[in-house]
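Chains A and B supply the protein sequences, listed in that same order. Numbering-wise (my numbering), the first sequence opens with residue 1 and increments by one. Numbering-wise (my numbering), the second sequence opens with residue 1 and increments by one.
These aren't lab readings, by the way, just hints derived from the structure by calculation. Hints are supplied without guarantee of correctness; some may be wrong.
As the list claims (entries may be wrong) - Calculated pairs, DSBU-like style, for lysine-lysine (alpha carbon to alpha carbon, straight line, at most 30 Å): (1) B:K37 - B:K119; (2) B:K189 - A:K48; (3) B:K119 - B:K189; (4) A:K249 - B:K37; (5) B:K445 - B:K455; (6) A:K48 - B:K37; (7) B:K241 - B:K149; (8) B:K149 - B:K37; (9) A:K48 - B:K241; (10) B:K337 - B:K445; (11) B:K445 - A:K48; (12) A:K48 - B:K419; (13) B:K189 - B:K292; (14) B:K149 - B:K337; (15) B:K337 - B:K241; (16) B:K119 - A:K48; (17) B:K419 - B:K292; (18) B:K455 - B:K295; (19) B:K295 - B:K283; (20) B:K119 - A:K249; (21) B:K455 - B:K241; (22) B:K337 - B:K235; (23) B:K241 - B:K445; (24) B:K119 - B:K241; (25) B:K283 - B:K189; (26) B:K189 - B:K295; (27) A:K249 - B:K241; (28) B:K455 - B:K357; (29) B:K194 - A:K48.
These figures come from a predicted structure and were not determined experimentally.
Next come the chains, spelled out residue by residue.
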Amino acid sequence: MPGLGEIIRESQIWKSIFRHPMPVDRRNRIVVVLTNFFLHLHPVSIRKQGIALSYTWCMGGVTFFLFLVETVTGVLLMFYYRPTLEWAYADITALRDVYSLGIMREIHRWGAHAMVITVWLHMYRVFLTGSYKPPREFNWVIGVILLLLTLLLSFTGYLLPWDQLAVWAITVGSNMARATPVLGYEGPGHQLLTLGYPMITMGSDARFALLGARNVGEETLNRFYILHCIAIPLAVSLLLAIHFWRVRKDGGISGPL
Amino acid sequence: MHGLSPQQFTETVSSFLVPYYVSLAVMNGIAALWLWKVPKPTSTIRLFGMAVPSSLVWAAVAVGYLVLAAFSLGGQSLMPQVPQAFRTAVNERTGPVIYTVGTTVLLVVLYLFRAWFVKPTVAWTVWNLMLLFLGLSMPDPNFFAIVAKPDNVPIVALVFLLAFFTWLATERAVENDRRMDAGEPPLEKLDDEKVLVWPDLVYIELICMVALTALLFFWAMWLQAPLEEPASSVKTPNPSKAPWYFLGLQEMLVYYDPWMAGVVLPSLIIVGLMAIPYIDFNKLGNGYYTIKQRKFAYIVFQLGFLELWVTLIVLGTLLRGPNWNFFGPYEYWDAHKVEALNNVNLSEYFWQWWLGKSLPAVPKLEWMLTALPTWISGWLQPMSQFVAILFTRELIGTLSLLFYFIALPPLMALTVFRKFYERMGFIRYMVLANLLLFMASLPIKMILRWSFNLKYLVSIPEYFFNF
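With the rest of the complex left out, here is chain B (with noise of 0.2 Å):
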C-alpha cells in the first residue's frame, strides 16, 4: 500500500485478518454448536464415501480458521494467502470480457442449479470460500488498497450481503415451489394466525435499533470517514469516480456517449421500475417467494439489478482504475497503463471497409433556407441538416436503429411475446417490449465492442448525438 512501509503495511494487513479470521471462526463454531444440539437433517455430511456429523466438519473448519489467524501474526513471510502464480494469472487473463462473461456464466449457472445451491451444506461451503478468498486475498497491497478503501468498504459488504440475502429468498423459493408443485401451501401460508404487535412487533424493532445503533458506533469507531485534500479546480484526480452507487452508469460511459448513460437511461431505469406493476400481468406470487410460478419477470429483474447493475458498480469501483483502465484485482494501479482504442463507427466500417470510399459529404441545406426568416431557418437549418446526416452518412446506422426500436416490437409481438401481447393489450405491451429493448442494449453494444470494436452505431458528432 502506498506511504507505508512494507513493515506498517503487513501490520495494518495482520492487523484486520487475526480478528477477521477469529470471527469467522467464531461464525464456524456456533454452526458447528447449533447442528450439534439441534439434529437436522443436513446434520451429517458425505466426505470419502463416510458420513461424518457436519458439527464436526464446522467444527474443524473453524480451528482451521484459528490456525490461519495465528499465522496472520507471524508477519508477511508467514501471512496467508493466494500464490503468487495465482494473482498474476488473475491479473493478467481478466479483463471486462472475461469479467461480464463469467459473472454471467456464473449467475446463470446459480439459476440452474438453484436446489443444489441453496442446500444449507453447500451455501454454507460457498459463504465459506468467498470469505476465505477475501482473507487469503487481503495481504496483497494491490488488492488490500483497493478493497479497504474506506468508501469502498460498502460494495465489499453489499456483494456479501446480497449474496446472503439471494440464498435466503431463493431457499425459500425453491422450497415454496417445490411444495406447490406437490399442491401443497406456501410457507408463509403456514403462519396464518395472527399475534399482537405489542410485543411481538415491538420488540423485534427495539432490538434491531438497537443493534444497529451498536453496528453504526463500531463501524464509526473503527474506520474514519474519508478526507482528502482539499478541493482543488486544477488538480484532477485520476481515476475521477462518481459515488460507488453511481458508478455502473460510468461504466455505461465505455459503451455509450453521456446523454445515454448519464440521461436517457437512469431515467428509463426509474421509469422501468415505476412501470414493473403496471405491466407484470402475472397475478401468481403475491406475498411469497417463489421463482417458477413468474419466471420471466425474475428472470428481467435479476439480469437488471444482479448483472447490469450489481456487477457493473463491482467493476467499476474495484476494478476500473485511471483512465477508467481495467486493471485485475491484484494489479497496480498504472497510471501510464495504455490501451490501445481504436474503436470503429458503424458508417466508417460501411462507406470505408466495406465500398472503400470515402464518408459521404455532409448535404449543404442552408441555400433552402435563405428565404426564410432567421428564427425558423434557425431552428431548421440544424434539424434537417440533422435528419438529411441520418439518411446519408449513417444510413446503415438509422435503418438497423429503426429497425430494433421500431419493427422489433410488433415482430416479438407476433412471435416470441405472442401470448404477452394478447393479455397486455397494445400501449401496456409497448411498454415493455421498448423497455427490454433499451435494457438488452447495453449487452448488445458490450459483445459488439468486444467482437467488432464498433463504437457508434449512429455517430453525429456534429449534433452532439452519438449512439
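One chain only, chain A, in its complex shape (with noise of 0.2 Å):
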C-alpha cells in the first residue's frame, strides 16, 4: 500500500511540474539545478570557498532577496495607495492607523533602507577580493548601474508618502538638478544654449524635467511613482538578469585562479 506522499509523487500532475524524483541522491542532486526555472541560475557544483560566508558575506544574495522583498510588499501596498495630493498622505496615514497588512509598509521602507546598505557592502566585498579583474569587468559596471538604480529607487520611494519629511528631502535632492551644467537654469553655461532667447529657464531646465513642475507638487508625485513602481524596476529586473548571467559566463564566483 503506497503512502499518501507518494501517490502524489506519482501523480501525472506532480510528474508534470517536477520532471525528476526527489534529490536525495548525486544525480537526482544535479538534474534538480538543470531542469527547475528558479534553481538554474545556480551551477551544478561550486568551489567549497564560493559558498563561505566568511568569503561572499552573502551580500548579493540578500540583496536580491530585498529586492523580492520590495516587490512584493510594494504591489501589495499599490493597492491601496492613491498618488495623488488627495490622497498620497490621507492612504498612507490609513496604512499606519487602519489597515491590518499596514505593516507592509514598515517592511517596505526598512527593506528599502537595508538594501541600500547591502548594495554596499556587497560592492565592497566584491572590491576587496579583487573581483572585478578580469573576466568580471564589465559585470562590474553593470552592478555599478544597479547601485545607481537601487539609490534611484529609494529616493522615488522617499516622496510617496507626501509628508514634510518626503517633499523637503526630495526638494533639497533635485535643487540640485537645476544647478547642472548647461541643462540646469542656474547651472555654468545654460547662457550658451540659446536661440536669440534662452532656450533654459525655470519652466525647460534639468530639473523642470525630473519634477514635471517648477516645484515639488502633484506632477512630481505622480512622476516618481511611475518612476518607482514601473520604469526603474523594470530597468533593474533586466540588469539584475544580465549581472546573473554573467556571473556564470564570466567563470562564476570568483576565487583563486
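Both chains come to you apart, so use the hints to assemble them.
Have a look at this one:
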C-alpha cells in the first residue's frame, strides 16, 4: 500500500511539474538544478570556498532577496495607495492606523534602507576580493548601474508618503538638478543654449524634466510614482538578469586562480 | 527628547537599554561558551601579567552587561551614562575639522596596525567598546534624539556593519598576506574541492531568506516607519535634509557649489567606479582577500568609500543640525546657533589683501559683437564675457586650476606615477590621474577652507561658475 506522499509524487500532475525524482542522491541533486527554472540560475557544483559566508558575506544574494521583498510588499501597497495630492498622505496614514496589512509599509521602508546598505556591502566585498578584475570587468559596470538604480529607487519612493520629510528631502535632492552644467537654469554654461532667447529657463531645465513642474508638486508625485513602481524596477529586472547571467558566463563566483 | 516629559524619556530609553544590554550579555556569554568548548590559540588573555582564560574574561564582561541592564531599570539617577563633563568637553571641542581629521587619523592607525587590530581578542574588545559607548550615550536626550530617529537607525546599523565586515575582510587579508609571504597559497585556495549546489548552497540561501524575513518583521514591528505632518510648501523644516545616503553629497555643498557637489562629482563617482576594472592593471589579488598585493587600489578605494563617502554621511546625518551648523553628538540642536561665516574668495585675497586694490571691473565686450546677428552674439557674448573674467579678475584661480588639472597629470606621469604611466598607456593613465585629482580636490578644498577661510578658487557668480 503506497503512502499518500508516494501517491502524490507518482501522480501525473506532480510529474508534469517536477521532471525529476526527489533530490536525495547525487544524480538527482544534479538533475534538480538543471531542470528547475528557479534553480537553474545556479551551477550544478561550486567550489567550497565560493559558498563560505566568511568569503562571500552573502550580500549579493541578500540584496536580491530584499529586491523581491520590496516587489511583493510594494505591489501590496499599490493596492491601497493613490498617488494624488488629495489621497497620498491620507492613504499612508490609513496604512499606519487602519489597514491590517499596514505593516507592509514598515517592511517596505526598512527593507529599502537595508537594500541600500547591502548593495554597498556587496560592492565592498567584490572590491576587496578583487572580483572586478578580468574577466568580470563588465559585470562590475552593470553592478555600478544597479547601485545607482537602487539609490534612485529609494529616492523616488521617499517622496510617495507626501509628508514634510518626503517633500523636503526630494526638494533638497532635486534642487541640485537646477545647477546642472548647461542644462540647469542655475548651472554654469546654460547661457550657451540660446536661440536669440534663452532655451534653459526655470520651466525647461533639467530640474523641470525631473519634477514635471517648477516645484515638487502633483506632477512630481505622479512622475516619481511611475519611476518608482514601473520604470526603474523594469530596468533593474533586466540588469539583474544580465548581472546573474554574467556571473555564470564569466566563470562563476570569483576565487583564486 | 522633545515632546516627552523627563519621566517618559527615561522610560523610553530604559525600554531600549535593558534589552540592549541583555543581548550584549548574551553575545559575550556565547563567546565565552564557545571559547570554553573549543580551545583556540586565543584562549588566554594576559591581564596584569597573568594568563587568564579568555572564556572567563568574556563571561565577566557578560555579567557586567547584566549589571548595566539592571541599573538601566532604575530610573534617571541610576542609569549608567557617560559623565556630563565628558559630554560637555566633546560638544565644545568637536567640529568638522576635528571630526574629519580624527576619522582620517583613526583609519590610518587602523590600517597601519591592522595586524594587531584584527586579532580576535583585540577586535572583540573594540567591538564591545563601540557597543558600550552607544549604550552609555543613549541616556543623553540630545544623543538619543538623533541616533534613535527612525530614519537614522540604518546609519547606526551601517557603521556597525561596516566595522564588522571591514574586520572580517582585513583579518583574512592579513592572514593571506602572511601566508603568501611564506610561499603558501591564500586561504581561499584551500577549499578548492567542489560541492553540489543542492543541498549545500540552496540550504544556505533558504536559511538566509528565513532569517532575513524574521529580521524584517521584527524591525517592522519594533520601529514604526516615520510619517511627519502632511507636506506643506510654506513650512520649511530646518534642517532640510536629503535622504541619508545622499548626505555625503549634501555635506560637500559646504565646500562646493551645487553644480559640483550635486551633479559633476556624483557623476564622476559613478564613472570612476565603472572605470575601476579598466584602470586597475594589477593582475594580483583576484578572488581572495589581500592588501599587500594591491596596496594602491586598496588605499584609494578605502579613502573614497570609508572616508569621503561614509564618514561624510555620518557627519551630514548625525552631526549637522539647523542651518547645517555642526553640533556635537550630545549638543542640543539650537536653531539660533550662530556661526560666523566670513569666507573669502581667492580673487579677493589676491586683489584686495595682497595688492591692496579693488577687484578689477568686468571687461565690457558688447561693442565687439554689435555687428553680428543676435543669434550669434547672444551665444558669443556670455562666452567671451566669461573667458574675459576668467583671465582678468579670476586670473590667479584660473591659473591654479589649469595647473592642477592640466599640468599636474603629465608632471605626475614623469615623477610619482612613472611606472603607472608606462604600464597603463596615455588614455588609461589620464583617466586615472583626472579621477584622482577630482577626488583629492575635496580634501584640498576642506583644508583650504579650514586654514584660510577660502571660499572659491574661481568665483564667477555672474555665470554660476564657482569652484
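Legend entry - 30 Å Cα cutoff - pair B:K283, B:K189: holds, 17 Å
Legend entry - Pairwise hint evaluation, B:K295 against B:K455, where the allowed Cα distance is 30 Å at most: This hinted pair is violated, its Cα atoms lying about 34 Å apart.
Inset, instruction - Please work out if B:K455 and B:K357 have their alpha carbons no farther apart than 30 Å. - result: holds, 19 Å
Inset, instruction - Take a quick look at whether B:K189 and B:K292 sit within 30 Å of each other, Cα to Cα. - result: holds, 17 Å
Inset, instruction - Quickly compare the C-alpha distance for B:K295 and B:K283 to 30 Å and report which way the hint goes. - result: Holds, at roughly 13 Å.
Legend entry - Straight-line alpha-carbon gap B:K241 to B:K149, limit 30 Å: Holds: B:K241 and B:K149 sit about 14 Å apart, inside 30 Å.
Inset, instruction - Take the C-alpha atoms of B:K189 and B:K295, compute the straight-line distance between them, and say whether it is at most 30 Å. - result: Given pair B:K189, B:K295 holds - Cα atoms ~21 Å apart, limit 30 Å.
Inset, instruction - Measure nothing beyond the straight line between the CA atoms of A:K48 and B:K419; if it is 30 Å or shorter, mark the hint as holding. - result: Between A:K48 and B:K419 the Cα gap is close to 38 Å, so the pair fails against 30 Å, i.e. violated.
Legend entry - B:K445 paired with A:K48 [C-alpha distance capped at 30 Å]: At roughly 48 Å apart (the allowed maximum being 30 Å), A:K48 and B:K445 break the hint.
Legend entry - Pair hint outcome, B:K189 versus A:K48 [Cα-Cα no greater than 30 Å]: Judged against 30 Å, a Cα distance of about 10 Å means the pair holds.
Legend entry - Pair hint outcome, B:K445 versus B:K455 [Cα-Cα no greater than 30 Å]: holds, 9 Å
Legend entry - Restraint status (C-alpha distance of B:K337 to B:K235 at most 30 Å): Measuring from Cα to Cα gives roughly 20 Å; hence the hint holds.
In summary, the structure is inconsistent with hints 4, 8, 9, 11, 12, 18, 20, 24, 27 from the numbered list given earlier, while agreeing with the others.
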